[in-house]
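Here the protein sequences line up with chains A and B, keeping their order.
Letter by letter, the first sequence follows residues 1 to 309 of UniProt numbering.
Letter by letter, the second sequence follows residues 1 to 810 of UniProt numbering.
Hints in this document: simulated from the structure, not taken from any laboratory.
As the structure is a computational prediction, the values presented were derived from the model and not from experiment.
Treat the hints loosely; a few may be bogus.
No more than 30 Å apart at the CA atoms, straight line, and that leaves these computed lysine-lysine pairs for DSSO-like [as the list claims (entries may be wrong)]:
(1) A/K204 <-> B/K497
(2) A/K204 <-> B/K190
(3) B/K483 <-> B/K497
(4) B/K42 <-> B/K137
Residue-level listing of the chains:
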Amino acid sequence: MANQSLNLLRRSASTDTPPVTGGQTIEVAKLIDVSKCIGCKACQSACLEWNNLREEVGVNVGVYDNPHDLTPNSWTLMRFAEWDNPDTGNFEWLIRKDGCMHCQDPGCLKACPAPGAIVQYTNGIVDFVHENCIGCAYCVKGCPFNIPRISKVDHKAYKCSLCSDRVAVGQGPACAKACPTAAIMFGTKEDMKKQAEKRIVDLKSRGYANAGLYDPAGVGGTHVMYVLHHNDKPEIYAGLPHEPKISPLVAAWKGTGKVLALGALAFAALGAFFHHTVVGPNKVSEHDEENAAELAEEGKSSKTEARPV
Amino acid sequence: MTNSWADIGWTDLAIIMGGNAAEAHPCGFKWVVEAKANRGAKLIVVDPRYTRSASVADFYCPIRPGTDIAFLGGVINYLLSNDKIQHDYVKNYTNAAYLVNPAYGFSDGLFTGYDEAKRDYDKSSWDYQVGEDGFAKLDDTLQDPNCVFQLMKKHFAIYTPEMVERICGSPKDKFLKVAEMIASCSTPTKTMTSMYALGWTQHSKGSQNIRAMAMVQLLLGNIGVRGGGMNALRGHSNIQGLTDLGLMSNLIPGYLTLPTEKEPDFNAYMSSRGFKPLRPGQMSYWQNYKKFFVSFQKSMWGEAATAENNWAYDYLPKLDVTYDMLRVFDLMVQGKMTGYFCQGFNPLMTLSNRGKLTEGLSKLKWLVTMDPLDTETSRFWENHGEFNDVKTGDIQTEVFQLPTSCFAEDEGSLVNSGRWLQWHYPGQEPPGEAKLDTWIMAQIGQKLKALYQKEGGAFPDPILNLTWNYADPNNPTPQELAKEMNGSALADQMDPKDATKVVVEKGKQLSGFAQLKDDGSTQAFCWIYTGCWTEAGNQMARRDKEDGGTGLAPKWAWSWPANRRILYNRASSDVAGKPWDDSRKLVYWAGDKWAGIDVPDYGAAFKPEQTVGPFIMNPEGVARLFTRKMMRDGPFPTHYEPFEAPVANAVAPKIRGNPAARIFKGDFAALGSSDKYPYVATSYRLTEHFHQWTKHVWVNAVLQPEFFVEISEELAKEKGITKGGWVRVWSNRGSVKAKAVVTKRIKPLMVDGKPTHIVGIPQHWGFMGAAKKGMNPNSLTPFVGDANIETPEYKAFLVNIEAIASGPVA
Numbered sequence: 001m002a003n004q005s006l007n008l009l010r011r012s013a014s015t016d017t018p019p020v021t022g023g024q025t026i027e028v029a030k031l032i033d034v035s036k037c038i039g040c041k042a043c044q045s046a047c048l049e050w051n052n053l054r055e056e057v058g059v060n061v062g063v064y065d066n067p068h069d070l071t072p073n074s075w076t077l078m079r080f081a082e083w084d085n086p087d088t089g090n091f092e093w094l095i096r097k098d099g100c101m102h103c104q105d106p107g108c109l110k111a112c113p114a115p116g117a118i119v120q121y122t123n124g125i126v127d128f129v130h131e132n133c134i135g136c137a138y139c140v141k142g143c144p145f146n147i148p149r150i151s152k153v154d155h156k157a158y159k160c161s162l163c164s165d166r167v168a169v170g171q172g173p174a175c176a177k178a179c180p181t182a183a184i185m186f187g188t189k190e191d192m193k194k195q196a197e198k199r200i201v202d203l204k205s206r207g208y209a210n211a212g213l214y215d216p217a218g219v220g221g222t223h224v225m226y227v228l229h230h231n232d233k234p235e236i237y238a239g240l241p242h243e244p245k246i247s248p249l250v251a252a253w254k255g256t257g258k259v260l261a262l263g264a265l266a267f268a269a270l271g272a273f274f275h276h277t278v279v280g281p282n283k284v285s286e287h288d289e290e291n292a293a294e295l296a297e298e299g300k301s302s303k304t305e306a307r308p309v
Numbered sequence: 001m002t003n004s005w006a007d008i009g010w011t012d013l014a015i016i017m018g019g020n021a022a023e024a025h026p027c028g029f030k031w032v033v034e035a036k037a038n039r040g041a042k043l044i045v046v047d048p049r050y051t052r053s054a055s056v057a058d059f060y061c062p063i064r065p066g067t068d069i070a071f072l073g074g075v076i077n078y079l080l081s082n083d084k085i086q087h088d089y090v091k092n093y094t095n096a097a098y099l100v101n102p103a104y105g106f107s108d109g110l111f112t113g114y115d116e117a118k119r120d121y122d123k124s125s126w127d128y129q130v131g132e133d134g135f136a137k138l139d140d141t142l143q144d145p146n147c148v149f150q151l152m153k154k155h156f157a158i159y160t161p162e163m164v165e166r167i168c169g170s171p172k173d174k175f176l177k178v179a180e181m182i183a184s185c186s187t188p189t190k191t192m193t194s195m196y197a198l199g200w201t202q203h204s205k206g207s208q209n210i211r212a213m214a215m216v217q218l219l220l221g222n223i224g225v226r227g228g229g230m231n232a233l234r235g236h237s238n239i240q241g242l243t244d245l246g247l248m249s250n251l252i253p254g255y256l257t258l259p260t261e262k263e264p265d266f267n268a269y270m271s272s273r274g275f276k277p278l279r280p281g282q283m284s285y286w287q288n289y290k291k292f293f294v295s296f297q298k299s300m301w302g303e304a305a306t307a308e309n310n311w312a313y314d315y316l317p318k319l320d321v322t323y324d325m326l327r328v329f330d331l332m333v334q335g336k337m338t339g340y341f342c343q344g345f346n347p348l349m350t351l352s353n354r355g356k357l358t359e360g361l362s363k364l365k366w367l368v369t370m371d372p373l374d375t376e377t378s379r380f381w382e383n384h385g386e387f388n389d390v391k392t393g394d395i396q397t398e399v400f401q402l403p404t405s406c407f408a409e410d411e412g413s414l415v416n417s418g419r420w421l422q423w424h425y426p427g428q429e430p431p432g433e434a435k436l437d438t439w440i441m442a443q444i445g446q447k448l449k450a451l452y453q454k455e456g457g458a459f460p461d462p463i464l465n466l467t468w469n470y471a472d473p474n475n476p477t478p479q480e481l482a483k484e485m486n487g488s489a490l491a492d493q494m495d496p497k498d499a500t501k502v503v504v505e506k507g508k509q510l511s512g513f514a515q516l517k518d519d520g521s522t523q524a525f526c527w528i529y530t531g532c533w534t535e536a537g538n539q540m541a542r543r544d545k546e547d548g549g550t551g552l553a554p555k556w557a558w559s560w561p562a563n564r565r566i567l568y569n570r571a572s573s574d575v576a577g578k579p580w581d582d583s584r585k586l587v588y589w590a591g592d593k594w595a596g597i598d599v600p601d602y603g604a605a606f607k608p609e610q611t612v613g614p615f616i617m618n619p620e621g622v623a624r625l626f627t628r629k630m631m632r633d634g635p636f637p638t639h640y641e642p643f644e645a646p647v648a649n650a651v652a653p654k655i656r657g658n659p660a661a662r663i664f665k666g667d668f669a670a671l672g673s674s675d676k677y678p679y680v681a682t683s684y685r686l687t688e689h690f691h692q693w694t695k696h697v698w699v700n701a702v703l704q705p706e707f708f709v710e711i712s713e714e715l716a717k718e719k720g721i722t723k724g725g726w727v728r729v730w731s732n733r734g735s736v737k738a739k740a741v742v743t744k745r746i747k748p749l750m751v752d753g754k755p756t757h758i759v760g761i762p763q764h765w766g767f768m769g770a771a772k773k774g775m776n777p778n779s780l781t782p783f784v785g786d787a788n789i790e791t792p793e794y795k796a797f798l799v800n801i802e803a804i805a806s807g808p809v810a
């Protein structure tokens, strides 16, 4: 792919028209072909390495999923689902790489009250700008896919950036680069859809009558798409939403917010309500303080690490 | 591999049995994905567990661990009884028509000549009928009751689909579906590739597992063709290089063998090697054995190896027995081996019966470990609570731990599964005090030499006369070593057709093993590598990917032998030299010479009518369905239960295990029985880790942090085990504690009428590194190996299991 200038299409809590700084950009997409995925977790590894994330060494809880959920340090995760196919009587092991879907109509961005904390580029990537993030976790509520995670250390929201830094210089995301079976592909959304079509023909020829592309219209389509063997039942893939939509709560809040320009008091009240419902009381625990101190120490002592290319 | 990784992309059907390519070889597995996506190829997985490979397969069939020969015997029986074989191939390129000695026989699970006391065979009847002309006799009609084809039919008739289901627990309909899919590749234009790994080797009959599939492939005409072959997926990036260079106790480089005590002189040694052709006009390439051997001796000892002293034959040790790993540790336990060099190996966490290993290491006077990592073996003396419960004060072994560089820190070549020697460069300097292995070995070598020079000794000659022509004797370079492996001319090499013409000048690199001589005028450390570093330079460093899309990549790196990418490639064409499949031409007769996209197996000028067989290494020129006396446990594969099995052998009830497998006395006593240990266990690897290396790496530890065992939902229910809860698993030799992964991917199998549960035990943990401390299946596995090569039986043994309240205490 050619270099992508990261022109903004929109930014959270802002009516500014983002300035256009470069030439034309095209919509990009990551295509995850679940039928080619072997669940090796090379994508998880590449994500940790490229983004310099330090996840904790956890424990085994009786499944292959490790870590057990997305975290502020694990932006992508293989989810392993065991499914007995009632039609064939055969067992199927459905392995799906979970992470941000980069919705065309991003619920996180819509819900976000902090100006510029969430942006969408004209190429479709939805990115979190951490210096603008206030840690309110509205994005968590706004996301129909349950993706963003709030750090207990710096109280900011984290998720997959679709390697916007790599994409900006003409590279694909780290996960796609690391994938040994080319189950993760990256290119223009149009090309990825064409690629998916070919795969769907192949899957149908192998008896998967409902094979299809997951590119849900309810969020305006996504810039991360799946080829699924059973596209009629996305929920069997570890709870992939059937028809994802932005929560009506977000729509109501944003609608009210925009039209009526709520007063500061109401804003605060509603904000507190949201925050309390979504993430609980905003307290800094001792544990958090310790973590922060530890991180600061680590930051001082660690050398600059070369990044893989 | 007979073929190569990329060639898998040309298959019509990949069968993964005895391995788990997606899990253990994710990068190579991409070629299966390519074949599926681009050629519409199908994938079959036969495995006790529904694996990561199975998750992308077209068809999955379960099988009980250790019953592969019964399954494959069933496939052979299916192919023969349904006439699904490639007739022209079988008739002309295998020994199907060869007549066998009428004294050969098989009954009650034993071949003729068995000696129970020795656990060995008198193999004299396992051979062809040979005529007065010295050639084997044939029956081209394949009707003679003593011809290999008829003997094979008879031998495998017992493996009916019902018998397969009874022994293997594979449902009959699923077995038949697999057999039918395999049979579809018996036409000349459809090929199957067999991808296997340690799931076949790590059995007391591992070699025969592989032979059974090789026979299937021969019946289908799938050896020597694109998208076919027997493809061993090697478990380590350079393990192919290890075997090529003879790092086994009984080998010298290039698959030559060390002499035994029965071969005190050179003539005795040569008399059983250098096979004469068994059919007229055959290549029988081992006829050149002496050339390879003499060139090796010249490479080792230079001018000290002369015709007069039989090329320094006396310098080579003469083996009394093979010193495989099982024997080495048995000798330690007996107190007969008191010092041990452990280079790039972590036996404490990998070899069988950990208790015995700790006992052996504790009896050593000294142990030297050379490894990039702080291995458990180096720390076997250190107490780590239940994870390594030793009394440090009682251990007197002196341990020298020498840190070495890792593969990314040195220069040299790695040999991949497809026999490609690929040169690589260091990414960075080794950290801290770590040194290159070659540097360490050179120091030791130089010190030893100085000691022998000073003190003499009983027989210092092999050390004192060892060729050591490196610019810096303390630090041989990878380039110097590689050139030495390739070999060079010690005298001007003349053109055999024109005695005045010099082909290779004295001192120059040789360009192929055909130039090797048995008169001492050439040297080559590893004859199969001759051609890797010629006067044209380092062929292994070549990086031209262009191959016209064939997947052979002849200008990328260098492949032994002779840069040939597919072995036995002459077999890709029929007897007349016409390709079986025009869309997958490989090597064919172009009217006046052999042509094609690969280096032909033999001289370009052999006309098809000369009927020089494609299997050039065999004196017959054809492949062996009946393997004569070559295997210790029989000329045909036959079903034997693992040494620990839940049922008696259905086809030979009196026989326990493989009757020709060696087992030491104490280890036989340590075998468990199914009344105390009712569950079948198998061990394996996971994608997230590489052996015990990557548990030292933070990221890998995150992805798979903690030791676990896998069981079915049914067994969990029966034993009150909860998902993620702690369990204890024990065998007659040891016990481990692990987390329980309860899964639908393992299902109980009906074996001989009774439900049989399987316990899966991955091996990646230990008490060193970044991951959670954990145990390994080697605490449980039996101390018995394959009858032919002594690879331990890690893949099928018996255990018991129970839920426990909490995990081990460190």
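Each hint, compared with the structure:
1. Restraint check for A/K204 and B/K497: the C-alpha separation of about 63 Å exceeds 30 Å, so the hint is violated.
2. With a C-alpha separation of about 22 Å, the suggested pairing of A/K204 with B/K190 holds against the 30 Å cut-off.
3. Between the alpha carbons of B/K483 and B/K497 the distance comes to roughly 28 Å, so the proposed pair stays at or under 30 Å and holds.
4. A distance of roughly 40 Å separates the Cα atoms of B/K42 and B/K137; the hinted pair therefore is violated under the 30 Å criterion.
The structure fails to meet hints 1, 4 from the earlier list, while all remaining hints are met.
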